[in-house]
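Number of protein chains: 2
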Amino acid sequence: MQRYFIDNPITDETTEVTLTGNDHHHISRVMRMTPNQKIYIVGSNHQAAILQITAISEEEVIGEIVDLVTTDVELPVEVILYIGLPKGDKLELIAQKATELGVTAIVPVTTKHAITKWDNKKATKKIARLQKICQAAAEQSHRTVVPYVYDLHSLKDVVERVDDHEHFVVAYEETAKSGENKLLKNMLMEIDMGDSIGAFFGPEGGIHPEEVNQLLNAGDHVKTCSLGPRILRAETAPLYLLSAISYATEL
Amino acid sequence: MQRYFIDNPITDETTEVTLTGNDHHHISRVMRMTPNQKIYIVGSNHQAAILQITAISEEEVIGEIVDLVTTDVELPVEVILYIGLPKGDKLELIAQKATELGVTAIVPVTTKHAITKWDNKKATKKIARLQKICQAAAEQSHRTVVPYVYDLHSLKDVVERVDDHEHFVVAYEETAKSGENKLLKNMLMEIDMGDSIGAFFGPEGGIHPEEVNQLLNAGDHVKTCSLGPRILRAETAPLYLLSAISYATEL
Chain A
1 MQRYFIDNPI TDETTEVTLT GNDHHHISRV MRMTPNQKIY IVGSNHQAAI
51 LQITAISEEE VIGEIVDLVT TDVELPVEVI LYIGLPKGDK LELIAQKATE
101 LGVTAIVPVT TKHAITKWDN KKATKKIARL QKICQAAAEQ SHRTVVPYVY
151 DLHSLKDVVE RVDDHEHFVV AYEETAKSGE NKLLKNMLME IDMGDSIGAF
201 FGPEGGIHPE EVNQLLNAGD HVKTCSLGPR ILRAETAPLY LLSAISYATE
251 L
Chain B
1 MQRYFIDNPI TDETTEVTLT GNDHHHISRV MRMTPNQKIY IVGSNHQAAI
51 LQITAISEEE VIGEIVDLVT TDVELPVEVI LYIGLPKGDK LELIAQKATE
101 LGVTAIVPVT TKHAITKWDN KKATKKIARL QKICQAAAEQ SHRTVVPYVY
151 DLHSLKDVVE RVDDHEHFVV AYEETAKSGE NKLLKNMLME IDMGDSIGAF
201 FGPEGGIHPE EVNQLLNAGD HVKTCSLGPR ILRAETAPLY LLSAISYATE
251 L
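So the sequence lines, in the order shown, correspond to chains A and B. The letter at position 59 of the first sequence is residue 59 when you use the UniProt record's numbering, and the numbering goes up by one with no holes. The letter at position 180 of the second sequence is residue 180 when you use the UniProt record's numbering, and the numbering goes up by one with no holes.
Mixed in with the good hints, there may be bad ones.
Same chains, same label: a pair holds when it works inside one copy or across any pair of copies.
Said to hold, decoys possible - Restricting the straight-line Cα-Cα distance to at most 25 Å, the calculated cross-link-like pairs of lysine to aspartate or glutamate (DMTMM-like) are:
1) K38 x E204
2) K182 x D72
3) K125 x D157
4) K132 x D89
5) K38 x E174
6) K182 x D195
7) K223 x D72
8) K125 x D220
9) K90 x E139
10) K185 x D195
11) K38 x E173
12) K182 x D163
13) K112 x E92
14) K117 x E16
15) K38 x E160
16) K156 x E16
17) K185 x E78
18) K185 x E74
Don't read these hints as lab results, they were simulated from the structure. Note that the structure is a prediction, hence the values are computed from the model and not measured.
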């Protein structure tokens, strides 16, 4: 069932809900739904519900809540991905797949080795597009939270954010090459539910050693880690991490 | 360093190696390498080595082995993915990413809900293309094994192969919906190194309940499993499984 995110909370007391704009268009034109059909809606408080459509006008879809949904589909920890701008449309693939895999937010970062550069105008456009991709993927994967895409950060901005997280990992190829493979597992065995994990990934060229040092110096809780012995592409590494976090915390 | 797969084994006694055909073209034309430069080569016995180029002619690249590489980058278990034909070029994405994540082989399967159909001619072409993608991804991710892409299988063929594996999991959305999330972890806690894991994934429309039953009836070691509480797209689910297997067995 398609799901739609609304701007108001959904509580036990909510009975009627009105959808307008894009949602109205999608329900009436794209899905060609009719009264009595049902959709999922998700409130601003992340409460999901089943809405039975009662009326569709030129401007609005009106429905009545027939059931609150109680299954929790969100990761029990918060995961914020900091991504050094990769080439082409790889960040779009990351946004879509990371949303399916439960990411909380994505932060695009300018790094030394990145070939891709965004000026202000391009950044605004790209971020709006990524936010749309996250929204669509959240609807399709039945999430109750739409991941937030932050403005373009510099490495200095990331350093300042390190303390927002209880844990901060830097995926670093040199750590993989050293054969030290236990660091991620050790970290995941120490997390408490509700913790925030920051994770930094470089672009295709990797992270510059100076940048790794800047991050490591930002806090004792910052660790480099490997994601197994194989070399993963820039867009595959964040998906491995999210899958591992899900496996460790949800299964 | 680029790596190339050769048809002969590499042993302590191997001193000189000659590369021809595509590898010669790639080394001399694409990479424009010159004598004294080094490349990785991987023998048919999965032994990797560093080769120093001694001569490049119009037809051949000749080099001498300067070091055997001992790091093991292969998953300690064998993972064969059985994939119900997904739409568009998603199988290509799966082949590339699954190779990075350590897959042993990929088996395309015709299923009831699949929208995509391959006739014999198309199958031959598609499989050759997938095999090429696996080869390129194996080189890039520094693997010592190139995953094998099997011919198109029917569900009946898969049922007959179930006993090739010590463990066989069917990723089934209904299992995810039932909230039974422990089955994959339970299976992975029981595997021994060297075991073979078969894993079946449906196309976008999912697996038909009848097909699930056919697989379940094929052996006591066949289990349905969920990959966490979120709905993953057809091309994301196999990547989640491989990441989880790597996390459970390699980290």
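message = If the cut is 25 Å between Cα atoms, do K125 and D220 qualify within a copy, between copies, both or neither?
response = neither (36 Å within a copy, 53 Å between copies)
request  = Have a look at K156 and E16 and pick one of within, between, both or neither, based on CA distance no larger than 25 Å.
outcome  = So K156 and E16 fail the 25 Å test inside a copy (47 Å) and across (50 Å) alike.
query = Quick one: K38 to E174, C-alpha cut-off 25 Å, is that within a copy, between copies, both, or neither?
reply = Classified as between; 20 Å across copies, 51 Å inside a copy.
query = Can you tell me if K182 and D72 fall within 25 Å by alpha carbon in one copy, between copies, both or neither?
reply = between (30 Å within a copy, 16 Å between copies)
ask   = How do K117 and E16 come out at 25 Å by Cα distance, when the copy is not named: within, between, both, or neither?
value = Intra 46 Å, inter 44 Å, cutoff 25 Å: neither.
task = With 25 Å as the alpha-carbon cut-off, assign the pair K223 and D72 to within, between, both or neither.
result = Only across copies: K223 and D72 sit 24 Å apart there, 30 Å inside one copy, limit 25 Å.
message = With identical chains, the pair K125 and D157 could be close in the same copy or across copies; at 25 Å between alpha carbons, which is it: within, between, both, or neither?
response = within (20 Å within a copy, 49 Å between copies)
inquiry  = As a check of your reading, is K185 near D195 (CA-CA no more than 25 Å) within one copy, between copies, both or neither?
reply    = Classified as both; 16 Å inside a copy, 22 Å across copies.
query = Given identical chains, is K38 near E160, meaning Cα to Cα at most 25 Å, within a copy, between copies, both, or neither?
reply = neither (45 Å within a copy, 41 Å between copies)
ask   = Quick one: K182 to D163, C-alpha cut-off 25 Å, is that within a copy, between copies, both, or neither?
value = So K182 and D163 pass the 25 Å test inside one copy only (23 Å; across, 33 Å).
inquiry  = Cα distance capped at 25 Å. Does K112 pair with E92 within a copy, between copies, both, or neither?
reply    = So K112 and E92 pass the 25 Å test inside one copy only (21 Å; across, 31 Å).
task = At 25 Å max between alpha carbons, let me know whether K182 reaches D195 within a copy, between copies, both or neither.
result = Intra 20 Å, inter 22 Å, cutoff 25 Å: intra and inter.
Hints 8, 14, 15, 16 from the list above are not met by this structure, while the remaining hints are.
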